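Single-letter residue listing:
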Amino acid sequence: MSFAQAIGDWHALAVLFVAGVVPNQIWRMLGLWFGGGIDEGSELLVWVRAVATAILAGVIAQIVVQPPGALASVPDVLRYGAVGAGLIAFLLARRSIFAGVVTGEVFMLAGKWWLG
Amino acid sequence: MRAVVRLFEPPRNDGGGDGLAHASPAAAFLDVRRRLARYAGAIPHSAKKAPVALPPLDSPQWQSPWRAFVWGLRSITQTILTIVLFVTYLGIGALAHDTHFSLLWALCSTLFVWAGPAQIILITTLGSGATIIQSAIAVTVSAIRLFPMVVSVLPLMRTPTTKRRELIFAAHLTAVTLWVECHRFLPQVPRERRIAFVHGLGCGLVSVCLVANTVGYFLAANLTQTLGAAILLLTPLSFLFSTARNSREVADVVALVLGIVLYPLAAKMNSGLDILVSGVVAGTIAYGVHWWREVRA
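Chains as they are written, first to last, in this note's numbering: chain A, 1 to 116; chain B, 1 to 297.
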């Protein structure tokens, strides 16, 4: 990888600023300025949190269903199977993130090795 | 003699939601914020209380702000969440590589965005051809949860003389991990040194993530296809399980499950707004479930 590749283009960095940095810092700075006056039981907050969770869930699904780069070389069955196996381990190990991640990874690698 | 006896008395519990003793009414007030953040899903429901190796509150170690910064920096070795962060950002680095972003771009996103879910959403949506506006909307919605987090964590560091601008960097560093750790560490840090301590803790965590990004990026560039795939798979797995772990209420679980199930359906419509469509629909249904349970109760 060359130096220029590591830097990338300025356009992408500008996009990062507009679509990534600003949307995050707005909420942090609002929290800093208006810390005092929020309604704790706001129904809007519940809805917003549910939508935010569902968006993150959608992105998780997108990475598994339409995998980027090297992950695309893994057959569908193995990717879904890895998530399923990880989920079972996560639940059996009383919600252990570690158990879920390791089991999912082992499932995928073992399956890849077995399929050749 | 009475003073000596008093030393051996157990600390009194001044009330408060979860049985914590409060140093002052102001500290007790924080519990309201605590509930708010818990409500917003910022506190994992089973945070373990591990003993923390910090000097006692009246130790001369705390006299210099720099010392406090270094203690904060060193505290990253005291938490398992550092490893979770490392693995997550390893995945983000690899994901950035395989969706054709530069290393500098990945590092800048960690440094200036500093919110894992937002970074994943940004990389994935931009990488799959969404417009800047579409990505910005998805990221904005995901970032709303930072608001209650900042609201609840900053009063822990504030003294009567603290100016708002002194808290800007601490607000920037606030994300789920720092949030959880602040509640664990800060009671053992003198109030006037807490901002310095949090700066140290935050800088330590950001550094770990920058290293993880770089390692992940180069691993994705140089590993065999299978191992590269294994590193990319870390991202969905770690986010799925950490979100599932933080889901306290039925509405959270419904939002998570429906969000995953509805995405492939929304993707079939090929509107370019897939993530937003499935997110808003699944989230609204989850809210409906919450509302229905409230009404029935």
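Worth double-checking, as some hints may not be accurate.
Here are some chain B residues pointing at chain A (derived, C-beta under 8 Å) [unchecked claim]: (1) Phe-69; (2) Gly-127; (3) Gly-129.
If you want a taste of the chain A side facing chain B, the calculated C-beta under 8 Å gives, among others [to be verified]: (4) Ala-12; (5) Asp-76; (6) Ile-88.
These aren't lab readings, by the way, just hints derived from the structure by calculation.
This structure is a prediction, so every number in the text was calculated from the model and none was measured.
Quick reminder that beta carbons are idealized off the backbone N, C-alpha and C, glycines included.
Hints, verified against the model:
The interface hint given for B/Phe-69 is violated, since its Cβ lies 21 Å from the closest Cβ of chain A, which is over the 8 Å cut-off. Annotation: interface hint on B/Gly-127 holds; nearest CB of chain A at approximately 6 Å, less than 8 Å. With 8 Å as the threshold, the beta carbon of B/Gly-129 stays out of range of chain A, its nearest partner Cβ sitting at about 11 Å, so the hint is violated. At about 5 Å, the closest approach between the beta carbon of A/Ala-12 and any beta carbon in chain B falls short of 8 Å, and the interface hint on this residue holds.
At about 11 Å, the closest approach between the beta carbon of A/Asp-76 and any beta carbon in chain B exceeds 8 Å, and the interface hint on this residue is violated. A least Cβ separation of about 12 Å between A/Ile-88 and chain B goes past the 8 Å threshold, and the interface hint is therefore violated.
In terms of the numbered hints stated before, the structure departs from hints 1, 3, 5, 6, listed from lowest to highest.
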